[in-house]
Amino acid sequence: MRIQVNARNRAFQFEAATGEKILYAGLRAQAGLPYECATGTCGTCKAKLISGSLDDGWTQAPGKKYLKAEGEFLMCQCAALGDVAIEVASFVYPIDPGLCRMAALEGTVQSVRALTHDISAIEVVLDTPCEFDAGQFMAIRAPGVQGMRGYSMVNFDRPARALEFIVKKKNGGGFSDWLFSGKAPGARLELFGPLGKATFHPDLARNILCIAGGTGIAGMVSILSRACRARYFDPHQGHVFFGVRTMKDTFYLEELASFASEFPANLSITIALSDEDVPASAAQRFPSLAFARGMVHDVAKHAMAGKYQNVRAYLAGPPPAVDAAIRVLLLEAKLTTDNIRYDKFS
Amino acid sequence: MTNSAREPLTSFGGTRPLVCKVAEVPENGLKECAIEGGLKLVVANAGGEFFGYQAMCPHQDVALCEGLFDGSTLTCHMHLWQWDIRTGAPLGIAESPLQRYPLAREGDALYLGGEATALDVGELFNGLGEGTLEALAKLARREEFAEGSVLYKLGDPAEDFFVLESGRVEFQIGRDERVNPAGFMLKKGEVFGWAALLENHPQRIASARALEKSAVLRINGKQALKVLESDPESGYVAMRRLAGLIARFLAAAGAK
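Chains as they are written, first to last, in our numbering: chain A, 40 to 385; chain B, -13 to 242.
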């Protein structure tokens, strides 16, 4: 099927396979179509049908509440039923050919392991390896679950044959219910990616600040893996703040402690506990980590005062936590907007 | 030729609509105000001066009153688009200006002072010297185009440029059967046909057609350049913006 996209500045033409979502077909063809979650929630990939007809794969997608005018649809949910022409009311540029190519992938769930009482790590072995940048995510479809969900890669390898993701237990969350039902090991998954623009590359040459709430730490661990392997924290500083409620909600502390002990002078990692005082045992068990009581953005604000020179910030986590961190970074730290990176995909 | 381009486009029949009480907008804060007739504005208090803008972010449907405001820069919290609160001009990664609504203060209340014209909000001329804006407005002729009608064709002489007031204008490149869409204009104040402002570009390189009923301001390029030359400070700002605008259309991969 031939897809024509009329954007504010130019048009794009590309082919889509039968059943392939228009957004994915476009991204695969290096058209930088607008998206954020790429999984039906945020409404960013809204477009308008000019001619042809579409098959809407998920009529109940939450992002449909952003559709107003006649003919509007979500590119991440609709496939073309023949040649179509659509209009996207934003500037669209070709994707930088130097970035990792996006593709439809398939893989098998290798293992599921509990990290806390309500968070599990899932390892997926891909049929064919892929390349991604630290901080990116994949859209993933579980068997029998409506729509796809976005999860950040935790690991960093290039190329990567296995991908690790973390999933929080959430009643009524299709993917989460499926994963925690015990049916996951050995299951086949469809993936699309890598997605997301909150990426880290060692040629950044800035000090980095990561503020993550809960499962938002996933992409930060990938960034730290990449940075540590490139010995990025020899010349640059890293400040990482990981917020959870209590000690029993923490995970990946061994991994974080090992990053911090590798670069004691320049990499500081702080665990912020919002709902309990820091137990004395925490610092004893993890001497290379710092612990503090408070909301993660407050803890970061207190610790970072006067240290914002040449900083690139990465944010991830529940939307209220990300918004609170943005407020601190823009209004108090006076960072410029191009140095505040996050993907609002959850 | 008319000089109507800068007169308010809406008249309120003598009674100006109430926007809000002055005290309702906190110092260096924002407030969303619903005005009789359905218009919604975000009102900013910048150190005791009040500015009114469209209530929703032009990027996606996000209420700007939930954004961040430090007294001079307004930031939409969703994707960090930013604007200069005094002019509505885009800053940083923002791709389009905010539509400004002049406010009039009477006693303890703010009233709608009219609607800013396409030239006032325009991406090239917004915030230029008052005399220069007046002179440009005198050059502007307002024209309306029915849906489907052609503003200019490929190869036509490029003497005038256009400022979109309302509607939607689409461009096409190529000839005969080999035509391709080359973008479209839909925001009040957007400028097109800017070949008329360049040296050595006497012909249209695309054709322009109204996709729906549209109104534009038509301005002669050579005469506009003369006006800008006589006020080099404004002219410099306008030319810098023109360069940015052209770059936005030509941007290559990774060079956004």
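Check before you lean on any hint, since a few could be wrong.
[To be verified] Footprint (simulated), chain A over chain B, 3 or more residues, beta carbon under 8 Å: (1) 77 to 88; (2) 162 to 170.
[Claimed, not checked] Derived DSSO-like pairs: lysine-lysine, alpha-carbon spacing no greater than 30 Å straight-line: (3) B:212 - A:87; (4) A:222 - A:107; (5) B:26 - A:103; (6) A:373 - B:212.
Please keep in mind that the hints were generated in silico from the structure rather than gathered at the bench.
A virtual CB, placed ideally from N, CA and C, is assigned to each residue, including glycine.
For each hint, the structure was consulted:
1. Counting residues of the segment 77 to 88 of chain B whose CB lies closer than 8 Å to any CB of chain A gives 3, so the stated coverage by that chain holds, three being the minimum.
2. Remark: the segment 162 to 170 of chain B is confirmed as covered by chain A, as 5 of its residues place a Cβ nearer than 8 Å to a Cβ of that chain, reaching the required three.
3. Distance hint between residue 212 (chain B) and residue 87 (chain A) is unfulfilled; the C-alpha atoms sit about 41 Å from each other, more than 30 Å.
4. Of the supplied pair hints, the one linking residue 222 (chain A) and residue 107 (chain A) is violated, its CA atoms being roughly 39 Å apart against a limit of 30 Å.
5. Taking the CA atoms of residue 26 (chain B) and residue 103 (chain A), the gap is about 23 Å. The hint holds against a cut of 30 Å.
6. Distance check on the hinted pair: residue 373 (chain A) and residue 212 (chain B) sit about 40 Å apart at the alpha-carbon level, beyond 30 Å; violated.
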